[in-house]
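Student: Each chain, letter by letter, is given below.
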Amino acid sequence: MKSVKAKQRLNSCILYLIKIIVAVIMFLPIIWISTGGFKTLTEFTSSPNIIPENFTMENFSYIFKSSNIWVYVRNTVLLMLGTTVGTLLSSSLVAYPLARMDFVGKNVIFTIIIATMMIPNIALIIPQYIMFGKIGWLDSLLPMIVPAFFAYPYNVFLFRQFFRTIPRELDESATIDGCSRVQIFFKVLVPLSKPTYATIAVLSCVFWWNELTQPVFYINSDQWRTMTIALMTSYMYTSGNAFVINWPSIMAAATLMIVPPMLLYFFGNKFLVGGIKTTGLKG
Amino acid sequence: MSNEKKKKRLSPRKKKDTLTAYAFISPWIIGFACFTLFPIFFMLQVSLTNRKLNGISKFIGFKNYMNMFKSPAFWNSIKVTLLFTIIMVIVTTVWAVIMALLLNQKQRLNGIFQFCYFLPSVIPSVALAYAFRTIFGKEAGLLNAFLSLVSGKNVSVNWLYNHSTVYMAVFFITLFTYNTGQMMLIFRSGLSDVPGELYEACDLDGAGAFRKFFSVTLPMISPLVLFNAVNGCVSALNGSFALLYPLTGESGNPDGMTQVLSLLIYKEAFSNMKVGYACALSVLLFLLAALFGTALFSLSKKFVYYEN
Chain A
1 MKSVKAKQRL
11 NSCILYLIKI
21 IVAVIMFLPI
31 IWISTGGFKT
41 LTEFTSSPNI
51 IPENFTMENF
61 SYIFKSSNIW
71 VYVRNTVLLM
81 LGTTVGTLLS
91 SSLVAYPLAR
101 MDFVGKNVIF
111 TIIIATMMIP
121 NIALIIPQYI
131 MFGKIGWLDS
141 LLPMIVPAFF
151 AYPYNVFLFR
161 QFFRTIPREL
171 DESATIDGCS
181 RVQIFFKVLV
191 PLSKPTYATI
201 AVLSCVFWWN
211 ELTQPVFYIN
221 SDQWRTMTIA
231 LMTSYMYTSG
241 NAFVINWPSI
251 MAAATLMIVP
261 PMLLYFFGNK
271 FLVGGIKTTG
281 LKG
Chain B
1 MSNEKKKKRL
11 SPRKKKDTLT
21 AYAFISPWII
31 GFACFTLFPI
41 FFMLQVSLTN
51 RKLNGISKFI
61 GFKNYMNMFK
71 SPAFWNSIKV
81 TLLFTIIMVI
91 VTTVWAVIMA
101 LLLNQKQRLN
111 GIFQFCYFLP
121 SVIPSVALAY
131 AFRTIFGKEA
141 GLLNAFLSLV
151 SGKNVSVNWL
161 YNHSTVYMAV
171 FFITLFTYNT
181 GQMMLIFRSG
191 LSDVPGELYE
201 ACDLDGAGAF
211 RKFFSVTLPM
221 ISPLVLFNAV
231 NGCVSALNGS
241 FALLYPLTGE
251 SGNPDGMTQV
261 LSLLIYKEAF
271 SNMKVGYACA
281 LSVLLFLLAA
291 LFGTALFSLS
301 KKFVYYEN
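One line per chain: the protein sequences are A and B, in this order. The opening position of the first sequence corresponds to residue 1 in my numbering, with each subsequent residue numbered one higher. The opening position of the second sequence corresponds to residue 1 in my numbering, with each subsequent residue numbered one higher.
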């Protein structure tokens, strides 16, 4: 009896050890980035120390003084809010009949939605670039925000999965009470689906806060740059003939960029696992 | 039976529902027509012209495609894209399953562990790329310093510019991407749905941990593995740009070894200003994505376990 307990103890210790090793590996880049922001450029490029020897705040003051950081923040926030509001509204509306109603062509539409989930955005970005150029939307946030109001297949799918887990009897009793389909959606489904709205909102905010590809294609001028492009292009300067990357400033800016998604994660944590419903996948 | 049903006229309720349903779905229909269907046809059309970035274009037939199939850079990028996508999907899915399994073992401090495991995926890919450019750097790189410390010898490898190490380095970095974290969350929720009785039955039979994983856990979460693999393919094709562009540049250093198709498309369209040619490349990327999708779904018929 004792040996069984000792064995369990040992197993539990080994498990902890593995968990800690994985945690250290996963957390390493964050530590590297956040301590890097407090190093001087000389130290950053000459020693691999994790803890900075000469602790300095100059990178942070440099970011706020010598770049348009507030413009970049404004653009990123606009982009993030616009796309998230758009996709929450439109994707949940589209998911509702797919989860709850019988109608002609339902299977065809659902198949197309699943199929479009598999088209990578980047395959269509060049024709979209020309198209948005023709209607004069280039160098603005519109090419990214407007499509969000017309439902993303992936989010439609997540909403549908969740709606299917809500008992249909609720719809039926609401119908008997005289509710229309629209009223059922807003009065029954939306309040019950808060975890899914929160999950998709968090995922969408994090995605757009960090998105690089589409802004790189669509945005040219400094006044519409997002933080991600700024991180790539704003912290380099030429000194004589050499091209110098100001690494510690990039790390400092990256540190600041990690904070909002981290807070969002804290806030949305309790929804994140429960909000992604997978039960409907099995059938 | 189904024939009989079809012949029956639609009930008034279903007729009314169909109208309401299409009203709800209309945003997607408009979006699909404007932002997916139209660009597909437009892309096919532009790929037959020598359109430049400034908009000047002339019909040249299949010349872009012929040039493409003769170009070594194109074949190289197809090879790199296939390799990158397949390995990245495998590496990130396996890693996500491992992390989810670890977190599924109920122990104290699990909240902190989940925080540590998920947090890297909220780092913007640019920041991740720049962090690893320095961690894997030759001078003052963290990895070289660590290896020197462990081995006692002076290690100075330029991990991202060395032909034999670049893939290892890049695939290691994919463990920290957004996609891995999202997969982990999905597996987490899937694992918590696996009925506990199945494990108890295993315990009675005296099955070990590995046996349990392969005969209970894996079959039960196989639909999720498929979902994540499909999704991971799209993310690999899509997200490779956001990771590799700041990491190894549009030419995919060293010597195009990491130049996936999306980087080549960007380079052709914006550095070489050949939009027509870039569209022809996009058509190929589109077909490649379709190929991956079909392959995964036909595989799934063989290996995925569905209840009932």
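Rather than coming from a laboratory, the hints here were simulated on the basis of the structure. The structure displayed is predicted, hence computed values, not measured ones. It is possible that part of the hints are untrue.
Claimed, not checked - Cβ-to-Cβ under 7 angstroms is the rule here; a few derived chain B residues that face chain A:
1. T18
2. T20
3. W28
4. L37
5. F42
6. L53
7. S125
8. Y130
9. L142
10. A145
11. C279
12. A289
13. G293
14. F297
15. S298
Stated by the list, open to error - Subject to a maximum C-alpha distance of 25 angstroms in a straight line, what follows is the list of computed DSS-like cross-link-like pairs (lysine-lysine):
16. K106(A) x K14(B)
17. K52(B) x K134(A)
18. K134(A) x K58(B)
19. K134(A) x K14(B)
20. K187(A) x K16(B)
21. K106(A) x K301(B)
22. K15(B) x K106(A)
23. K52(B) x K5(A)
By construction, the Cβ of each residue, glycine as well, lies at the ideal position given by its N, Cα and C atoms.
Student: If a hint holds in the structure, say so; if it does not, say that too.
Tutor: For each hint, the structure was consulted:
no.: 1; hint: T18; result: holds (4 angstroms)
no.: 2; hint: T20; result: holds (5 angstroms)
no.: 3; hint: W28; result: holds (4 angstroms)
no.: 4; hint: L37; result: violated (9 angstroms)
no.: 5; hint: F42; result: holds (4 angstroms)
no.: 6; hint: L53; result: violated (9 angstroms)
no.: 7; hint: S125; result: holds (6 angstroms)
no.: 8; hint: Y130; result: holds (5 angstroms)
no.: 9; hint: L142; result: holds (5 angstroms)
no.: 10; hint: A145; result: holds (4 angstroms)
no.: 11; hint: C279; result: holds (5 angstroms)
no.: 12; hint: A289; result: holds (5 angstroms)
no.: 13; hint: G293; result: holds (4 angstroms)
no.: 14; hint: F297; result: violated (9 angstroms)
no.: 15; hint: S298; result: violated (14 angstroms)
no.: 16; hint: K106(A) x K14(B); result: holds (12 angstroms)
no.: 17; hint: K52(B) x K134(A); result: holds (14 angstroms)
no.: 18; hint: K134(A) x K58(B); result: holds (17 angstroms)
no.: 19; hint: K134(A) x K14(B); result: violated (42 angstroms)
no.: 20; hint: K187(A) x K16(B); result: holds (20 angstroms)
no.: 21; hint: K106(A) x K301(B); result: holds (23 angstroms)
no.: 22; hint: K15(B) x K106(A); result: holds (13 angstroms)
no.: 23; hint: K52(B) x K5(A); result: violated (73 angstroms)
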